[in-house]
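Colleague: The hints should help you fit chain B onto chain A, whose structure is shown.
Each chain, written out:
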Amino acid sequence: MSAIEISNLNFVYSKKTPNEKQALKNINLSVEEGAFLGLVGATGSGKSTLIQHLNGLIKPQDKKRMSVVVNGMSATDRKNLKKLRFEVGMVFQYPEYQLFEDTVAKDVAFGPKNMKLDKEEIDRRVRRALEVVGLDYDKFASRSPFDLSGGEKRRVAIAGVIAMQPKILVLDEPVAGLDPIGRREILALVKKLQKEVSPTVIIVSHNMDDMAQLADRIVALKDGEIIADGTPKQVFCNRNLIKEAGLDLPTATSLADMLIARGVELPRDIVTMEELAKELGASLRKKRSQAVADDNDETKIGEDADGGFYAESYDEDVEVEGVEVNGVEVNGVEDPDGEDEDV
Amino acid sequence: MFKDVAFGQYYPVNSPVHRLDARVKLLLTIMFVVSIFFIQTYFGFMLTAAVLLITILLARLPILSVLKSVRGILLIVAITAIINLFFIKEGDVLVQSGAIVITKTGVHTTIKMVLRLVLLISGASLLSLTTTPVQLADGLESLMAPLKLVKVPVRDIAMIMSIALRFIPTLFEETNKIIAAQKARGAGFDTGGLLSRVKAMLPVLIPLFVNSFRRADELAFAMDARCYNATDKRTKMKKAKLGFGDLIATLFIAGYFVVILLERYYFPTVDINIDGAIFGGLL
Numbered sequence: 000m001s002a003i004e005i006s007n008l009n010f011v012y013s014k015k016t017p018n019e020k021q022a023l024k025n026i027n028l029s030v031e032e033g034a035f036l037g038l039v040g041a042t043g044s045g046k047s048t049l050i051q052h053l054n055g056l057i058k059p060q061d062k063k064r065m066s067v068v069v070n071g072m073s074a075t076d077r078k079n080l081k082k083l084r085f086e087v088g089m090v091f092q093y094p095e096y097q098l099f100e101d102t103v104a105k106d107v108a109f110g111p112k113n114m115k116l117d118k119e120e121i122d123r124r125v126r127r128a129l130e131v132v133g134l135d136y137d138k139f140a141s142r143s144p145f146d147l148s149g150g151e152k153r154r155v156a157i158a159g160v161i162a163m164q165p166k167i168l169v170l171d172e173p174v175a176g177l178d179p180i181g182r183r184e185i186l187a188l189v190k191k192l193q194k195e196v197s198p199t200v201i202i203v204s205h206n207m208d209d210m211a212q213l214a215d216r217i218v219a220l221k222d223g224e225i226i227a228d229g230t231p232k233q234v235f236c237n238r239n240l241i242k243e244a245g246l247d248l249p250t251a252t253s254l255a256d257m258l259i260a261r262g263v264e265l266p267r268d269i270v271t272m273e274e275l276a277k278e279l280g281a282s283l284r285k286k287r288s289q290a291v292a293d294d295n296d297e298t299k300i301g302e303d304a305d306g307g308f309y310a311e312s313y314d315e316d317v318e319v320e321g322v323e324v325n326g327v328e329v330n331g332v333e334d335p336d337g338e339d340e341d342v
Numbered sequence: 000m001f002k003d004v005a006f007g008q009y010y011p012v013n014s015p016v017h018r019l020d021a022r023v024k025l026l027l028t029i030m031f032v033v034s035i036f037f038i039q040t041y042f043g044f045m046l047t048a049a050v051l052l053i054t055i056l057l058a059r060l061p062i063l064s065v066l067k068s069v070r071g072i073l074l075i076v077a078i079t080a081i082i083n084l085f086f087i088k089e090g091d092v093l094v095q096s097g098a099i100v101i102t103k104t105g106v107h108t109t110i111k112m113v114l115r116l117v118l119l120i121s122g123a124s125l126l127s128l129t130t131t132p133v134q135l136a137d138g139l140e141s142l143m144a145p146l147k148l149v150k151v152p153v154r155d156i157a158m159i160m161s162i163a164l165r166f167i168p169t170l171f172e173e174t175n176k177i178i179a180a181q182k183a184r185g186a187g188f189d190t191g192g193l194l195s196r197v198k199a200m201l202p203v204l205i206p207l208f209v210n211s212f213r214r215a216d217e218l219a220f221a222m223d224a225r226c227y228n229a230t231d232k233r234t235k236m237k238k239a240k241l242g243f244g245d246l247i248a249t250l251f252i253a254g255y256f257v258v259i260l261l262e263r264y265y266f267p268t269v270d271i272n273i274d275g276a277i278f279g280g281l282l
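Line by line, the protein sequences give chains A and B.
Numbered per numbering that gives the first Met the number 0, the first sequence finishes at 342, counting up by one with no gaps.
Numbered per numbering that gives the first Met the number 0, the second sequence finishes at 282, counting up by one with no gaps.
Bound conformation, chain B alone:
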């Protein structure tokens, strides 16, 4: 069993955040991500970081596991930062040597851009850290239900998603097994140039594909044997129910969203001056 939960990001602990309804979590994550794009001020970023931190603590996740997901976009963050830093030419000039011009506005924009990306990814990763893939697929199915009216095969899409998710660990395990078996026959996967490395993967990929087709075939038979699609209305074994925690979470994030909007449109001048901290040495 422990292999099943070990895959992907899901961090298996029992917490109020883990117990939230997947649909609520999905919607609140979207709300959180949208709100990040409204933020213009350092005050807004601080507030967002605080909300994120509270959620992480409530979810009983180690901060490191959240930051790990940021690692994946480090390159994008770095490139964005460099572009912003060197190509914004407005505002007070801080450094100028030859073609390189760094301005105050440029530094501010860069910091804000980095903060935005890091908060965005951390917020989104909270969803996958606290929700199992199956819950997520069920949640999506439920949220997409209205699309049935325009003849979108929501049920089939959800089934395809569930099956795909269900087989990720299986395929992962199988890949490892095949790699081990080929290694045992002396295959090397980490030597030689690109072409020889791609070639070295063939002894893994071919059996993997062959086995996947075989498994898909078996699964189709098994589903047929249990009359999949014979009835139009299928019921769920675990029916998700909204609870008190969902209400609290919604109020919490919605409240945060409102503050961000108010801050942006009614009090745009309220901000923390961090110029001293950043430019202290330069000015």
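Excised from the complex, chain A in its bound form:
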């Protein structure tokens, strides 16, 4: 069963004024339960508008033609609204700015309280939520959320959403503004949350590296339209499309492109650092064994081999300059089969 089913969704801001702006154009999207979906797109591409439809914060503008169905509940139906909010846990950008209670425990309890659960259940959920996000209950429960560090605040805010035990978790830029350790921890946390609390995860991010690593499906938006939908490999290896969407390639992919441009033999569908390391290792090993084989063939290792080596390195230097001046060019120009890769 699909967890989310969206059809013909359009959305226009400030209708019939000079500021009118179409934020979503004919969106059709279905998300399977258990999916880890990465939603990518440049600023203003409609990502936030799209995700806010999922829990009824924004309602479809035309109930007849458009539909948003989450776990079998229609988001256009007012009756479902409350239930929908608890079913779809939404962690907004910089969620720490939404903290308001005087203790961490009270703040985390806000959602469960609104669910009208009994006191013991609320306590249990608060404990569990804090535990899951890696905050010691006894140490943090009675502290003021405003005295915590940035990363801790964010964990508290995420715990506040997790405490509702949503089936679907939506995170908007969950690692924005965090230091490298904080990023790694929050991303690991998201993976953990998918396993333990919310089986379906939608994550909005500008960081293609994270997306390539975490998501099993990528949906790219541009000017309110879905322009790509597929596995990270399918989407990120379509270099023209990524460029058109105003996005970056994952670091591993662009590094691989640079290496390929300099004559290193690598496959063109590398999206994560692990893959790159593996393929690079394999490629180097291959070269080395070839070199050993060549050495064995020619007993005279004299000027020829050396001269060839230097000439080659000189050529490479010239190319390096080109790469440095215009890194994007390498992706665009020296990519003959970029267009062939369909999504």
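Because the hints were derived from the structure by calculation, they are not lab data.
All figures in this text were calculated on a predicted structure; none of them were measured in a lab.
Glycine residues also receive a C-beta, built at the ideal position from the N, C-alpha and C atoms.
Please note that the accuracy of each hint is not assured.
No farther apart than 27 Å at their CA atoms in a straight line, the calculated lysine-lysine pairs in the DSSO-like style are these [what the hints assert, rightly or not]: (1) A/LYS115 <-> B/LYS198; (2) A/LYS82 <-> A/LYS58; (3) B/LYS198 <-> A/LYS20.
Part of the chain A face toward chain B, derived, beta carbon under 10 Å [claimed, not checked]: (4) PRO17; (5) ILE57; (6) GLN60; (7) GLN92; (8) TYR93; (9) TYR96; (10) PHE99; (11) THR102; (12) PRO111; (13) ALA162; (14) GLN164; (15) VAL169; (16) MET257; (17) ALA260.
Modeller: Quick look at chain B alone, frame taken from chain A:
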């Protein structure tokens, strides 16, 4: 960017009225508002409505956007009308039943009062519809400049005004974000009695205040870092310059003002008789 101009009343089109100097617009609006208080006759009101209509057309505003600003004072207009209608006891009696007495003078005064209020607000709203808040603040600063002589910190007041105006959209956006975030956690803002509604606003107000203080702190640092207040004389990036259009506009409104004054003090009897239209059925 479109979020920045969407706030408040400003209606973003390019028109001769939009292009006028903010200072000129401020002064002319004041002149227009003052002149409305001199009007006694229906002729005067018609003239004023005509001037207003011409300005609206020149400003390329939809009439509806101007009338929208009147909506805010509808209650005041209604109360004033009722008081005038029922409590003026002079003049020919039109209707009398029990304690209710409606007189001819009462009806005239009521109509004129309503016209005055509607024209007043429409005229004033033209200013905010055609001038960005920043232009307005700059204009005010420039007009208040003489107060510097009596040690009024005009520059600081203007800076405070600009900052306040600058942050209205930001705070507005932030409020919406916080409301969305709390709603996502199941908060309800439109249920229950007054007390529970006020209580329901706390999850929004507290983060809003906390964030505002944080932002104010950051802004103060940023201004310090750019040596705000280090030099006494600050210059403007966009210096307002009076143009030909400003002259025309001034002549137009000043001419209107003169006609209204003449009409009031020299030809007070010139008026249009609308008794027939109003009381036709009754008399």
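Colleague: It remains to establish, for every hint, whether it holds in the given structure.
Modeller: Going down the list of hints, with the structure as the test:
A C-alpha spacing of about 17 Å is found between A/LYS115 and B/LYS198, which places the hinted pair at or below 27 Å, so the restraint holds. For the hint linking A/LYS82 to A/LYS58, the alpha-carbon distance of about 15 Å falls within 27 Å, and the restraint holds. A distance of roughly 35 Å separates the Cα atoms of B/LYS198 and A/LYS20; the hinted pair therefore is violated under the 27 Å criterion. For A/PRO17, the interface hint holds, the least distance from its beta-carbon to any beta-carbon of chain B being 5 Å, beneath 10 Å.
With its C-beta approaching chain B no nearer than about 9 Å, A/ILE57 sits inside the 10 Å limit, and its interface hint holds. For A/GLN60, the suggested interface contact is broken, since its CB lies about 17 Å from the closest CB of chain B, more than 10 Å. Annotation: A/GLN92 was flagged as interfacial toward chain B, and the flag holds, the nearest CB pair being 8 Å apart, inside 10 Å. Annotation: interface hint on A/TYR93 holds; nearest CB of chain B at approximately 9 Å, less than 10 Å.
For A/TYR96, the interface hint holds, since its Cβ comes within 10 Å of a Cβ in chain B; the closest pair sits about 6 Å apart. For A/PHE99, the interface hint holds, the least distance from its beta-carbon to any beta-carbon of chain B being 4 Å, beneath 10 Å. With a cut of 10 Å, the hint placing A/THR102 at the interface with chain B is violated, because the nearest CB-to-CB distance is about 13 Å. Restraint check, A/PRO111 versus chain B: the minimum CB separation of about 9 Å is within 10 Å; hint holds.
Annotation: interface hint on A/ALA162 holds; nearest CB of chain B at approximately 9 Å, less than 10 Å. The beta carbon of A/GLN164 is not positioned within 10 Å of any beta carbon in chain B (closest approach about 12 Å), and the interface hint is therefore violated. At a threshold of 10 Å, the smallest CB-CB gap from A/VAL169 to chain B is about 9 Å, leaving the interface hint in force. Checking A/MET257 against chain B: minimum C-beta separation of about 35 Å lies over 10 Å; hint violated.
For the restraint placing A/ALA260 at the interface with chain B, the shortest Cβ-Cβ distance is roughly 38 Å, beyond the 10 Å limit, so the hint is violated.
The structure does not agree with the numbered hints 3, 6, 11, 14, 16, 17 stated previously, though it agrees with the rest.
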